[in-house]
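Peer 1: The lines below spell out each chain.
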Amino acid sequence: MLAKRIIPCLDVKDGQVVKGINFQGLRQVGDPVEMGTQYAREGADELVFLDISATAEGRKTFSSLVSQIARGIDIPFTVGGGIGSLDDASRLLDAGADKISINSAALARPELIGEIAGRYGSQFVVVAIDAKRMDPGSERWLCTTHGGRKYTERELFSWAREAQDRGAGEILFTSMEHDGTRNGFACGLYSQLHELLSIPVIASGGAGSIADIVEVLTEGHADAALAASIFHYGQISILQVKEALQKAGVPVRLT
Amino acid sequence: MIAIVDYAAGNIFSVSNALERLGAAYEVTADPLRLNAAERVILPGVGHASSALESLRQSGLDTVIRALRQPVLGICVGLQVLCRDSEEGNSKGMGVFDAHVRRFPSEPQVRVPHMGWNSLGNLDSKLFRGIPEGACVYFVHSYYPLCCTDTIATCRYGSTLFSAALKYENFYGTQFHPEKSGAVGQQILQNFLDL
Chain A
1 MLAKRIIPCL DVKDGQVVKG INFQGLRQVG DPVEMGTQYA REGADELVFL DISATAEGRK
61 TFSSLVSQIA RGIDIPFTVG GGIGSLDDAS RLLDAGADKI SINSAALARP ELIGEIAGRY
121 GSQFVVVAID AKRMDPGSER WLCTTHGGRK YTERELFSWA REAQDRGAGE ILFTSMEHDG
181 TRNGFACGLY SQLHELLSIP VIASGGAGSI ADIVEVLTEG HADAALAASI FHYGQISILQ
241 VKEALQKAGV PVRLT
Chain B
1 MIAIVDYAAG NIFSVSNALE RLGAAYEVTA DPLRLNAAER VILPGVGHAS SALESLRQSG
61 LDTVIRALRQ PVLGICVGLQ VLCRDSEEGN SKGMGVFDAH VRRFPSEPQV RVPHMGWNSL
121 GNLDSKLFRG IPEGACVYFV HSYYPLCCTD TIATCRYGST LFSAALKYEN FYGTQFHPEK
181 SGAVGQQILQ NFLDL
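Taken in sequence, the protein lines are chains A and B. Going by our numbering, 36 is the number at position 36 of the first sequence; the sequence numbering is gapless. Going by our numbering, 102 is the number at position 102 of the second sequence; the sequence numbering is gapless.
One should not assume that every hint holds.
Claimed, not checked - Covered, in the sense of this in silico footprint (three residues per stretch, anywhere, with C-beta under 8 angstroms from a C-beta of chain A), are these stretches of chain B:
| # | region |
| --- | --- |
| 1 | 49 to 56 |
| 2 | 119 to 128 |
| 3 | 136 to 150 |
| 4 | 180 to 190 |
No lab work stands behind these hints, which were simulated from the structure alone. We put the beta carbon where it would ideally sit given N, CA and C, even for glycine.
Take these sequences, add in the hints, and give me the full structure.
Peer 2: Take a look at the structure:
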């Protein structure tokens with residue numbers, strides 16, 4: 001049976017792994033290749049490296065980092081952050097990335113999804129969506145850009161569906177209200193996305209405990225769970241998460 | 001020396017990176033003399049079997065590969081081109097393995113492509129020495145080789161049981177990506193080098 005995946009996410013700024021709390025107050029926690037290798041050894045099924053550098057210099061550092069990651073790591077990895085064109089995607093593929101994730105650029109120009117998927121296949125394209133409620137208490141979730149600071153006109157579910165129809169291979173959805181809080185995932189939304197889509201859904205934002213991850217992969221029907229801080233600070237190990245999942249009857253890969 | 005076949009559909013980086021991690025000497029080449037002289041040959045492949053086959057035929061590499069006598073390993077589409085035929089683009093394969101390649105049927109709750117970690121069963125080859133039944137490896141594919149007499153490992157996805165690996169004489173093939181399958185994949189590649 002296909003295993004549900006546990007994916008540590010590493011936010012990289014100017015060549016160093018950082019993790020934000022609600023995307024602000026960034027803290028530095030380590031070397032990306034070293035941390036990635038360590039996670040792979042501990043049983044991570046995949047890795048995501050997000051470039052959050054704001055400068056051209058930082059972006060250049062990231063590209064060379066991707067080649068180093070590809071040399072050192074023997075599991076699939078996705079890279080994202082600042083990918084705005086087919087050329088950007090090609091460069092990262094050539095550097096050895098297994099998948100790329102696109103976010104703002106796809107919202108600005110949805111055709112980009114089809115262009116990259118047409119050239120390299122849907123399995124190469126992850127569309128990341130950061131969404132939050134239009135108003136507190138509202139049931140309408142809107143896609144955001146700029147780390148959740150700017151709303152777009154697009155509604156979460158219709159955009160996820162459109163991204164799939166345009167050739168996305170996976171949807172990585174982050175609830176900006178849950179991200180960094182460690183209070184659990186937006187479980188109900190993942191369940192709805194699962195109903196709506198025929199491609200895998202990766203849950204991101206809010207993992208605070210083993211139980212949160214079990215919940216989003218069972219009740220939330222997500223295909224994979226992504227987390228950063230709970231793994232980075234060594235509070236829980238990937239193995240502990242997988243053992244709990246196995247106990248709950250979820251198929252996992254135990255190495 | 002290990003030769004990685006250089007052609008239009010190769011995923012050369014990940015294979016060469018994996019060989020580097022194993023400390024194995026390799027070269028990436030499309031030169032028939034170099035391929036013939038290599039101790040081991042790896043045929044990578046991503047994308048479509050039909051275009052991979054076309055690229056191999058245009059360069060005449062299909063004939064060269066077919067005639068190799070040392071251990072050869074086809075990975076993913078590199079395995080599919082060695083099969084009898086493929087439903088993908090209705091293409092006739094190189095006919096090394098006695099397997100037909102089909103597209104996964106559409107079933108509720110079964111997503112195509114089959115992407116992610118899935119477990120191996122019915123392991124029956126030196127290629128899997130030290131690998132336990134049920135070990136997980138990484139797959140990314142929409143088409144699969146049917147089970148046949150050349151099957152040396154199986155995998156189940158939805159209602160389909162397919163060949164996760166094939167062997168005929170000196171030819172081996174894995175539908176999964178050993179170069180992306182962590183420690184299990186490294187062991188399988190090492191086993192191929194040790195054959």
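Peer 1: With reference to the structure, classify each hint as holding or not holding.
Peer 2: Taking the hints in turn, this is what the structure says about them:
1. 49 to 56: Answer violated; 0 residues pass the 8 angstroms Cβ test.
2. 119 to 128: Coverage by chain A is violated for the region 119 to 128 of chain B (1 residues, Cβ < 8 angstroms).
3. 136 to 150: It holds, with 3 qualifying residues against the three required.
4. 180 to 190: holds (count 7)
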